[in-house]
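Listed here are the chains, written in short residue letters.
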Amino acid sequence: MPAACRSCCANSRPHRPRRADRGRRHPARRGGGGRGGAGQTVIRSPGDPIKPIGAMAVLRGNLAPRGAVIKHSAATPGLLSHTGRRWCSTRWPTSPPGWTTPDLDVAADDVLVLRNAGPKGAPGMPEAGYLPIPKKLARQGVKDMVRVSDARMSGTAFGTIVLHVTPESAVGGPLALVRTGDRIRLDVPARRIDLLVDEAELAARAASLPEAARPDWAARGYARLFHDTVTQADEGATSTSCCGSRRRPREGGRPRSARIPRHPADRAAAEPSRRARPAGQPLETRPCPSLPRRSPWARGRGADPLRHRAGQRRRGRPRPCRRRGRGPADPRDRAGAVLRRAGAGREDRRPGAAVGRAAAPAIVAVDAGHGFAYPALEAACAALPEVARAEGLAAAPIRRSHHCGAAGLVVEALAAQGFVALLFANAPAAMAPWGRDGAAVRHQPIAFACPLPGRDPIVIDLALSKVARGHIVAAQKRGEPIPEGWGPRRRGPSDHRSRRGARRHDGAARRRQGHGARPDGRTPRRRLTGGRFAAEASSFLDITGARPRRPTDPRPRPRAPSRRTRDPLRAAGGGGRGAGRPPPSRSRRLAARERARAEGLTIGDALLAEIAAA
Amino acid sequence: MSRGLRKGLTNYGDAGFSLFLRKAFIKAMGYSDDALDRPIVGITNTYSDYNPCHGNVPALIEAAKRGVMLAGAMPMAFPTISIHESFAHPTSMFLRNLMAMDTEEMIRAQPMDAVIVIGGCDKTLPAQIMAAASVDLPTVVIPVGPMVVGHHKGEVLGACTDCRRLWGAHRAGTIDEAEIETINGRLAPSVGTCMVMGTASTMACMIEAMGLSLPMSATIPAPHAERIRLAEASGRRAAEMAVAGVRGRAGS
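Sequence order for the protein chains is X and W.
Numbering of the first sequence is given in this note's numbering, commencing with residue 1 and proceeding in unit increments.
Numbering of the second sequence is given in this note's numbering, commencing with residue 1001 and proceeding in unit increments.
The hints are simulated quantities; they were obtained by calculation from the structure and are not laboratory data.
Just so you know, even glycine gets a beta-carbon here, dropped at the ideal spot from N, CA and C.
A hint or two may mislead.
Taking CB as the label site, the calculated pair distances span [to be verified]: (1) G1154/W - P49/X: 21 to 31 Å; (2) L393/X - M1029/W: 53 to 63 Å; (3) G78/X - M1210/W: 29 to 39 Å; (4) V42/X - H1152/W: 17 to 27 Å; (5) Q1110/W - P189/X: 50 to 60 Å; (6) P1189/W - T76/X: 22 to 32 Å; (7) A213/X - G1016/W: 53 to 63 Å; (8) M1210/W - E391/X: 27 to 37 Å; (9) I50/X - F1025/W: 51 to 61 Å; (10) A613/X - E1155/W: 54 to 64 Å; (11) C8/X - K1027/W: 49 to 59 Å; (12) I50/X - S1086/W: 27 to 37 Å.
Turn these sequences into a full structure, and let the hints steer you where they fit.
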């Protein structure tokens, strides 16, 4: 084993010992033991494996909603993609009648099925999945057939055998609905095992299943304890009495495992709602019973918060904060930054984040390992729905992460599954509010989403931005002037038509960083660099394109070129009288998404070059 | 924190009396006060006449005791459930959690500062690991080790894989009754677990890779002398952990 571990570790990342382990050698390098080198043929190197595929594959499909397992390294390659007629209605523990008769109606390309052999049904999930080939076919030389069951198989056995079908037939799983003559399709490369019968027929068969009653063998003693507490195969076929208080046997839905599988095919199989679903098809929404079904916005105040606010403005209420959101996922926003950070060695390429369950049942703690927050958010969103359904409320604190990204997208995805979602992040203070000195306002995305009955979810996404700060600092270092309109003037109101800001870029950049006053002591305290509406901007980090707006300027503007362009709040009001237009905030977001889906995204040459170089 | 014989005293309402009574009884075994003052290392005895995989467990226990005593602690062996694949009805998996609960409760109920679990057959090692993880006591695992191989007509036999393959050939008619009976006597030639890369070998390799047992422990054949030396070294390691009072750590 030490030699095998060394062989595996040779090409992998170096082991980083924890503080308590410093000075102690890695177990693979500890101890004597032979080098396992010259003359031995047992231990293969990673570059010369016995088989390039792993030993096990997890399958999913309508026959095994919570998964099934196949040892495909020991299967016949020609049977890994196979559709066959289901032949046998064997019910554990009896063998099918006529199994050994020579005139049995069975063919070599049939699929043998064993039912009632799972943890609860058998009981104990025996190693019966290795169904013997019917004698008639064995005498003809058939060595392997596709076999499907909810049982186990010995680790020493082999064949194209699908095992651990979950939920098992004894608890009403789809395996109980299969009848002789149905067709079953096995597709290991796609990680699928499907029963080719339409949903209506399966529902009718399920309705005719007998009620589950306590069997005779589970009347008393350990057998009774086992029957009452055994979990399904995807949860270890263990006893709930051996687990902590958070574990409960589940009759449907996905298991609690929050790890994202590493194999792309396994990941696709584990999250069919996100990967296999064709673009444009909405996610299923499931009502969250413990939370209010109607959002406050839908309760008569008006569907669109902006329209509501616009109405308030017309009635003379104070001007509200403008809604500022990020648009659809734009790879130009983040890809360049990711590549640059990775290239500079500042980004750790460790995939994914570590998800754990903290002491409280409703907490899913995520440690992003000082990496980007995106994989951590993905991991959290994979785990949160199940916890929220079980506990009523769930929270995912994500630590040691950076670059939250488009917060609205995360909450929108959760709202599409029927949850009210809130996301907030923190960042160092980066902006000075109007009239003040020094950075005090944090770049703090906060996003909220709520499902609405029969409509798209409402999404509110607020973020302040340091527009083009990086570019301005970079321009300063190169000695170049800041593009017009991106820096405040030395004196007087900040004006997007000013040219003097270009000459003071060094001071502007310094002030923008909150470093303090200029020597003359009369520094204009206008450090708010403004932001853009997401629909107009390609990136908050990009200084090309539309110039920024100043969101809170208490002084009246001398000229308003267009009320509509100056005041998107009014534009959102849509003519003011509730003319029945769709909420422009949502339509802007969704319209941009539709446009991107139809026309694709334009990626600049500079970014393409960076991607190619990475 | 109480250690050794003072751990987990039976509750009679008077702790001093509980210890007095405990020592009085255990002295019936012939132990001296010096031995009873040492840290205690428990050793699970999973020997059973029904479990051929664990046929070498008595020799492993003797070696482990030797290692524990040479390191200055007191070994105490105690029996637990032992499950063999072919001798558990309806199936060994039905009893795995029972073994986990039995092992866990006996480790928790009896006074010991570290525990050595000896397992091998498919369900025994996972059950014992589940128990050790739940009790959170320093633990060293000793797998019993694989069998030696058998031979038949010039080919090497791997116990369970070839028994299935050859039984399939017998059902197909290519091997007759007499030959299959001969093979039956050669598939499992010694004590120890199945010598193919089945569940038992996989479990032992995983446990060694996780550091719950000493290096090289997964692959030494059961009848080999090195296996006995490994048991002694495991006993020594468990005693070191018991003496040092390491909490919440297993293996090396």
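A quick look at each hint next to the structure:
no., hint, verdict
1, G1154/W - P49/X: 21 to 31 Å, "holds, 28 Å"
2, L393/X - M1029/W: 53 to 63 Å, "holds, 56 Å"
3, G78/X - M1210/W: 29 to 39 Å, "holds, 37 Å"
4, V42/X - H1152/W: 17 to 27 Å, "holds, 22 Å"
5, Q1110/W - P189/X: 50 to 60 Å, "holds, 52 Å"
6, P1189/W - T76/X: 22 to 32 Å, "holds, 30 Å"
7, A213/X - G1016/W: 53 to 63 Å, "holds, 54 Å"
8, M1210/W - E391/X: 27 to 37 Å, "holds, 31 Å"
9, I50/X - F1025/W: 51 to 61 Å, "holds, 56 Å"
10, A613/X - E1155/W: 54 to 64 Å, "holds, 56 Å"
11, C8/X - K1027/W: 49 to 59 Å, "holds, 52 Å"
12, I50/X - S1086/W: 27 to 37 Å, "holds, 28 Å"
Violation of the numbered hints given earlier is absent; every hint is satisfied by the structure.
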